[in-house]
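Novice: The primary structure of each chain is shown beneath.
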Amino acid sequence: MIGLDKNGIAKRIAKEVKDRYYVNLGIGIPTLVANYVRNDISVEFQSENGVLGMGPFPFEGEEDADIINAGKQTITTLDGASFFDSALSFSMIRGKHVDLTILGAMEVSQNGDIANWKIPGKMVKGMGGAMDLVASAENIIVAMMHTNRAGESKLLSKCSLPITGVQCVKKVVTNLAVLDVTQNGFTLVERAPGVSVDQIRQSTAGELHIPAHVPEMQLD
Amino acid sequence: MIGLDKNGIAKRIAKEVKDRYYVNLGIGIPTLVANYVRNDISVEFQSENGVLGMGPFPFEGEEDADIINAGKQTITTLDGASFFDSALSFSMIRGKHVDLTILGAMEVSQNGDIANWKIPGKMVKGMGGAMDLVASAENIIVAMMHTNRAGESKLLSKCSLPITGVQCVKKVVTNLAVLDVTQNGFTLVERAPGVSVDQIRQSTAGELHIPAHVPEMQLD
Amino acid sequence: MIKKTVANIQEACEGVSSSMTFMFGGFGLSGIPENAIGYLSSLDISDLTCISNNAGVDDFGLGLLLQRKQIKKMISSYVGENAEFERQMLSGELDVELIPQGTLAERCRAAQAGFPAFYTPAGYGTEVAIGKEARDFDGKMHILESAFNADFGFIKAWKGDEVGNLIFKGTARNFNPNMCGAAKITVVEVEELLPAGSLDPNQIHIPGIFVQRIFQGEKFEKRIEQRTTRPRS
Amino acid sequence: MIKKTVANIQEACEGVSSSMTFMFGGFGLSGIPENAIGYLSSLDISDLTCISNNAGVDDFGLGLLLQRKQIKKMISSYVGENAEFERQMLSGELDVELIPQGTLAERCRAAQAGFPAFYTPAGYGTEVAIGKEARDFDGKMHILESAFNADFGFIKAWKGDEVGNLIFKGTARNFNPNMCGAAKITVVEVEELLPAGSLDPNQIHIPGIFVQRIFQGEKFEKRIEQRTTRPRS
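Chains as they are written, first to last, in the working numbering: chain A, 289 to 508; chain B, 289 to 508; chain C, 819 to 1051; chain D, 819 to 1051.
In short, the hints are calculated from the structure, not lab data.
Where hints are given, some of them may not hold.
[Said to hold, decoys possible] The calculated lysine to aspartate or glutamate pairs, modelled on EDC-like cross-linking and capped at a C-alpha distance of 16 Å, are:
(1) A/K410 to D/E902
(2) D/K1037 to D/D1018
(3) C/K958 to B/E426
(4) A/K458 to A/D468
(5) D/K821 to B/D367
(6) B/K410 to C/E902
(7) A/K413 to D/D865
(8) C/K987 to D/D1018
(9) B/K413 to C/D862
(10) D/K977 to D/E1009
(11) A/K413 to D/E945
(12) A/K413 to D/D913
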């Protein structure tokens, strides 16, 4: 595998988390983002199962079955946290009170469509809260590998899988690159360390706009 | 004035309150109903400003500005009471969780329309929760005087004032009579003590069905 | 943690101006944002649209803004108990939109929760339904009502912490929680402002995410509108 | 006061039968009505439609009803972590309707609150929107979703009193409050059942009016699905 590993992707995305943001993190790579957010800014993590102000995992022996995140992992809460029901949780999401949503994807298309809930006939886990999140969030970043296990691009001109939402993704961070979704399709913004523009071009099936200068990601 | 006074009307309506009923009482005569409900049955009073399990007025010196009923009167609560926000309060009402609604009216028509919120050009206090209540409650009793101050009937073939709800009133209790609203218009069910069927007929402008036998109200 | 505390009422109300739409919590005089109302009545702003279940009394609550003719339009469910209000309304100086109380609460909640519109049976067949879409669901008629769109929401809570978590008291709760997060900026005055971590996370009525500014109110008169008591016997 | 206490799980579930629609609170295995699920899995009822955010795991939660093939249809938002579920779904034995989690919560709340339908942006342009009315509000597309219509709602609360007032704990709250009063009969199991007057009226999550039957659960395993910890350093 070239470019970043999952933690590297999380580390790069953490730089998009700004002071005073309420952030919803999806399962998988997005969960790792919490580990890399600067500690000189104020951020609160929301989990759609009904908690705001999530903290780290509990110490062994202190797990509470009644305090979990959306990935069903045992968690803790920080000072100022709150618990609430599912309807109010999605009021936060649908009502645009959450500032940033970070989630994984199987495919993203050049117009910002996202597919991450179903592979017909093969895998049907369901959308969970993802359809509500992508339909309402104004600031959505997708965290994923640039290609699937078969080496095929996950950045497409059009999603081949059933989509989760239309024209909603604004930014994609992969093991190879940071890309914005613009009117020109994908616009290459940054390269992962050691990855060439050519490698990114070859791994991107959707329309790719490449500016004259593409800087390398700064991870620290 | 012939027939019952306000307390008499309230006393008669109290007999309609059954065991295990949640009851919403409007301002005016309906509020008095609470004083006459049998104390061998279980009843809870809901007030749409956000309290379930209302008790009597507080003792002097124990009034709390933060604990009032929908008539803005200081109240107390009983064991098992709860406070809640306005949206949840109307979830109780709209969702048909309240069993009985008792409210006052300026006019009721023979098809069950009710008018109680506005006299154009003269008095515009607003509908408060009345429109929500009459639109959703399955069991609505109107408490009012049979005629207005000018001696005109308040039981009409059609409401002359702007209505609060359509075809919703099931029963009317006045100073003169108990009437059901049926497909035949008003059906006389009971006479107030000392009131004749003729007096009721003369005071009722809407279509009035009078059965062969009209018993006198039993108030105790 | 994201702190929402502001130093005083001036900072809490920064950005208010004429012709804006304001929401005010409260039922009658219970649970109204007294400090915000007092301060707004001292400002040179007018042509306001005010969403509030009631309109206060002549010399308290929104009556203060009415006296100074700062309000162009009231959206309420019940406006009795205010003579100046009635005078302005009947003379045509004041535009009044009366809506069912449950609809008012839900239009706040819809704004908070990101629902553009909802169907309710309340008001079908009445003046309230004029110009609105009517629709049959399972044999019962409903009308389509829309979410409010307000600039500032002024809220009164009992206890709050510095991240904006709120707890209300008794029936002073009323519309206050439903209005939090329903306007672009939600301003909360509390009787007691506490450090984050002071409130039980399990017992918070409104999480701080719905609040932009919070401050400890200087003075709460908490006037009683109908003082009713029973004799000690 | 109107008491809702029933003696035991048998009385709590009186009236359940095949082909009914049930709602179950819980997120993953957190806050699920363990006692009711266990009892229902011992009954000779089948062809059930179950509304629940998740479908349990193979040997716990709704997995118990799946194992015994009592469920005809599942309405959920996420059904991973259950191999038997996947098998029944892919073989066509089990009908599955997947809906967005926020839509699921709101369809419960709509049933509780007497709203027949609402517009949400979630799912617009996806498979979820097929056959549903789509509508533009302020330049954004929404789809029309309807209230659930269920026979029984099975709820797990932390503390409850004999009139049915409920308090939930932590994220075990989830869908439970939204499902109270959303079905014809709401059955609640609590860890601690208290006399009326024991709970602060100001701190009740769900008032008893939304509850028909309440009982103290015999045993709560409260299984943890993903035990994640950090080292003590």
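Novice: State for each hint whether it applies.
Specialist: Okay, the hints, checked on the actual structure:
{"no.": "1", "hint": "A/K410 to D/E902", "result": "holds, 15 Å"}
{"no.": "2", "hint": "D/K1037 to D/D1018", "result": "violated, 26 Å"}
{"no.": "3", "hint": "C/K958 to B/E426", "result": "holds, 12 Å"}
{"no.": "4", "hint": "A/K458 to A/D468", "result": "holds, 6 Å"}
{"no.": "5", "hint": "D/K821 to B/D367", "result": "holds, 12 Å"}
{"no.": "6", "hint": "B/K410 to C/E902", "result": "holds, 14 Å"}
{"no.": "7", "hint": "A/K413 to D/D865", "result": "violated, 22 Å"}
{"no.": "8", "hint": "C/K987 to D/D1018", "result": "holds, 11 Å"}
{"no.": "9", "hint": "B/K413 to C/D862", "result": "violated, 29 Å"}
{"no.": "10", "hint": "D/K977 to D/E1009", "result": "holds, 6 Å"}
{"no.": "11", "hint": "A/K413 to D/E945", "result": "holds, 15 Å"}
{"no.": "12", "hint": "A/K413 to D/D913", "result": "holds, 14 Å"}
In summary, the structure is inconsistent with hints 2, 7, 9 from the numbered list given earlier, while agreeing with the others.
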